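Number of protein chains: 2
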Amino acid sequence: MGVLESAGFTGISGGSLDRKGRVCIPAPYRHVLAAQSPNLVYVRQALLTPSLEGFGAQVVQKFLDAQSENDPFFTAAHDTEAFALLSLSQELTIDDTGRVRLPDDFIASARLNEAVTFVGLGRKFEIWDSTGFAEVREARTAAAREQAKAREQARKP
Amino acid sequence: MGVLESAGFTGISGGSLDRKGRVCIPAPYRHVLAAQSPNLVYVRQALLTPSLEGFGAQVVQKFLDAQSENDPFFTAAHDTEAFALLSLSQELTIDDTGRVRLPDDFIASARLNEAVTFVGLGRKFEIWDSTGFAEVREARTAAAREQAKAREQARKP
DNA sequence: TTTTTGCCCATGTTATCCCATGTTCGCCCA
DNA sequence: TGGGCGAACATGGGATAACATGGGCAAAAA
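Chains as they are written, first to last, in this note's numbering: chain H, 42 to 198; chain G, 42 to 198.
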């Protein structure tokens with residue numbers, strides 16, 4: 042713990058969903074979240090993939106700030122954005138063993154089984170079913186590898 | 042210690058991975074890292090070679106700043122990059138004897154044995170299995186030699 | 001009542017802190 | 001210009017705290 046929090050969520054780690062629908066948030070993630078608000082995490086269903094997205098209060102706060110600066114309300118585009126961020130998210134409290142209870146419909150929509158995988162992406166993190174994530178990981182790694190190769194090429198000739 | 046830190050990671054040095062999966066980061070590297078954030082190093086699996094890459098908080102911070110300015114938080118724009126940099130990296134804390142615990146999957150993917158080699162490359166450094174690095178070193182030296190020759194040619198036609 | 005939710009305790013595992021020791025490097029003085 | 005001497009460094013190992021996870025119990029909801 043230290044300046045770590047500013048760097049956001051990083052790394053990939055495994056966890057487990059117990060029969061009560063609880064998951065233990067990885068300790069490093071909890072430290073990031075704790076720096077934003079105590080015992081709180083926002084979780085929503087990802088829009089494009091069978092996974093969940095978690096983030097801290099800071100993201101919500103930033104959105105609200107932007108909201109008050111610009112058009113307050115009454116624009117359809119904005120409402121859609123607000124819906125995506127606020128309506129689809131649930132504010133979950135982290136108990137003192139570091140776990141949260143995931144709503145059943147979230148578990149269903151992300152197709153989670155007992156083994157889950159946490160994926161750090163800076164200001165947000167993802168929760169996947171471990172089996173399902175395996176191939177996604179392959180694909181993403183391949184894409185990253187291609188990008189890295191492309192850079193090698195660009196530099197050399 | 043001096044102005045050296047600003048020059049980034051330099052040189053090649055050996056180290057050892059103990060039975061607990063710990064490595065001692067070479068002191069010169071630690072000094073570079075300390076200038077960016079205290080007791081922190083980011084390590085990731087290299088994309089194109091069986092090795093690990095280490096770097097300081099500055100690299101990550103720079104990426105996150107860019108991310109939050111454009112606010113592409115929930116867009117897929119930088120996803121590949123974010124995955125490569127943030128997901129594949131682990132934030133490791135350096136204990137007060139200068140060591141970090143490398144995750145087992147990192148050790149496996151870089152095929153590390155007891156003897157490891159640190160390779161300074163400016164803003165990042167690499168961690169190789171010493172035996173595996175031997176031939177890579179050959180190849181790189183040869184490539185560097187070729188490049189040097191090519192430049193000679195270009196200058197004196 | 002039956003079910004669910006939040007709270008608490010229990011436990012095995014893992015990592016982290018701390019102390020100890022050998023070694024190498026740099027520095028200063030003869 | 002060599003020793004030699006002290007500090008910084010690298011490495012091993014054991015104790016301790018943090019972590020992940022299962023299960024029980026009681027209050028609240030259905």
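Hints in this document: simulated from the structure, not taken from any laboratory. Some clues are possibly wrong.
Identical chains share a label here; the pair holds if one copy fits it or two copies do between them.
Claimed, not checked - Dumping the calculated DSBU-like pairs for lysine-lysine here, alpha-carbon to alpha-carbon at most 35 angstroms:
1) LYS165 / LYS103
2) LYS190 / LYS61
3) LYS103 / LYS61
In this text the structure is predicted, and so the values were computed from the model without any measurement.
Here's how the hints hold up against the structure:
Taking the shortest Cα distances, LYS165 and LYS103 sit within 35 angstroms of each other both inside one copy (14 angstroms) and across copies (17 angstroms). In this assembly of identical chains, the alpha carbons of LYS190 and LYS61 lie at most 35 angstroms apart only when taken from different copies (34 angstroms versus 45 angstroms within one copy). Taking CA atoms no more than 35 angstroms apart as the test, LYS103 paired with LYS61 passes inside one copy only; the shortest distance there is 33 angstroms, against 40 angstroms between copies.
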